[in-house]
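Q: Residue numbers (the numbering used here), protein chains in the order written: chain A, 1 to 120; chain B, 1 to 423.
Just so you know, the hints here were simulated from the structure itself, not pulled from any lab data.
Don't take each hint at face value.
Here are the simulated DSS-like cross-link-like pairs (lysine-lysine), alpha carbons at most 25 angstroms apart as the crow flies [to be verified]: (1) A/59 to B/330; (2) A/98 to B/70; (3) B/408 to B/361; (4) B/159 to A/59; (5) B/394 to B/361; (6) B/185 to A/78; (7) B/28 to B/330; (8) A/78 to B/71; (9) B/329 to B/361; (10) B/394 to A/80; (11) B/83 to A/80; (12) B/394 to A/6; (13) A/98 to B/71; (14) B/185 to A/41; (15) B/185 to B/213; (16) B/330 to A/98.
Listed below are the residues making up each chain.
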Amino acid sequence: MNIGEKREMICINCPIGCLLTAEMTGEGIKVSGNTCPRGEKYAIAEITHPTRTLTTTVKVANRDDTYLPVKTAEPISKEKLFEAMETLNSVEVNAPVKIGDVVFSRVCGEADVVATGNVD
Amino acid sequence: MRTCDIAVIGGGPAGMAAAVAAHDAGIKDILIIERDEGLGGILRQCIHNGFGLHRFGEELTGPEYADRYKKMVIEREIPYVVKTMVLDITKSDGGDHIVTAMNSESGVFHINAKAVVLAMGCRERSRGQLNIPGDRPAGVYSAGTAQRFMNINGEMPGKNVVILGSGDIGLIMARRMTLEGANVKMVCELMPYSGGLNRNIVQCLHDFNIPLKLSHTVSKIHGKERVEGVTVSEVDEHLRVIPEKSEYVECDTLLLSCGLLPENELTKSAGIPLDRITGGAVVNQNRRTEDKGVYSCGNVLHVHDLVDYVSEEAELAGRSAAEYVLAGKKEPECIKTVNVHNAGAVRYTVPQVVDIYKEPKDIKIYFRVGAVLNNATITVKCGEKTLLSKKKRKVAPGEMEFVLLTEKMLGEVDSDIIVSAEN
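I would like the entire structure built from these sequences, with the hints used as guidance.
A: Here is the structure:
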């Protein structure tokens, strides 16, 4: 963004969905419209390096027709979502597995993938 | 006959929270009855994140949120049965209720309960209820059915997808199917605004360049064995299809996300009055229905935006049921009962009835509007008296609002209460 340029966006951190305005100034990006500090962080990230938490499922190898819900422990680069899906499509885990267990480390070199469900 | 103090019908987020709150209020003899294979309700298939920000101060996925409550149920050793369907609720001679249920182990059996908490949740509006013309090919699913196929069974419902309805489940499924390799062509919304949360429009549609076509509907489903395409039509201000503004869109799958309906067959057969707008029971501020000893909470009462609010409401219902049982099946002493009416853009309120107790407590009145209002004025009146008036930058049908009536305000209530939202 050039100095003086403005961009409007909706914050996705919580259900309020604040309408944010990010303006590029000489001192950096200035954010308005946010009701909490997470809004400011989000707006700056959207312009510099947008990230998203990925949630999907992986196959449980030792249980018939069972899938385990998983998520990235931290948000990953938005442009790497499909690459991460590709990787996780061939990942299989073995039960028992419980919430928080790491099922794949550093997907796309960015974040661990952890279980969000329990399989006994 | 088996007996219990409180029978909770449904083991989803509402049922679990109600049971936990009832237990913490001093009632140990509880039974949760769940028809699915485990506790958790619909959260089991909602693998996306965004749950629990209010309740737990952190962002959880559906299964994680459900697990928090399941742990609370297990820690308290609250009994529950799964794969068990409740068939009927009737009154006993002694003023209790008899819950008739069945499962494959015990067959049909009866439970005598001093209080009942209804927490059966809701279900999706079906194709039949939408009256979409066309044959009945495979490939038409409710968004929630497709979600279950994908997230629980690991099956892909289709490749080229049109979604009708922009409710949150439809938006979530647009992203989910895209990530799994489907081509989601568009989301059509009959109304001129989306029924989903803004955050979901951004992260589920904008992120993947999926068009949201407002004031558009599906006017015909094509295909005999399998969906081959749909006719997408623009609608006028009366929501009527404009035939000359129609296009054929090739697809093999149509997902429907056109609203949720509280599942109140049991409530109805028990003879408990329902609210025409919410589709749930008429309740007072404690979530007690018109039938003494029967409480209702969560999406079976009215459809909530967030599970966090379901938990909050269910705790109130569970606690109220426990207090009723502990007091020897008695309600708090009531001076008078008033109705809550809607005015302006307000479509419904919950509760619909307020009992003014001798010792009143603050009451939150939840409501939903029927149209988007900018700079709305929300007022609560009692006769000529204005109890409360506040400004709100924006109110929309997709977002539940509430007003807080304090003890002091309730002391001034001498007739029916009117809640209104106006421009």
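Q: Could you tell me which of the numbered hints above are not met by this structure, giving the numbers in increasing order?
A: The structure conflicts with hints 1, 5, 8, 10, 11, 14, 16, although it agrees with all the remaining ones.
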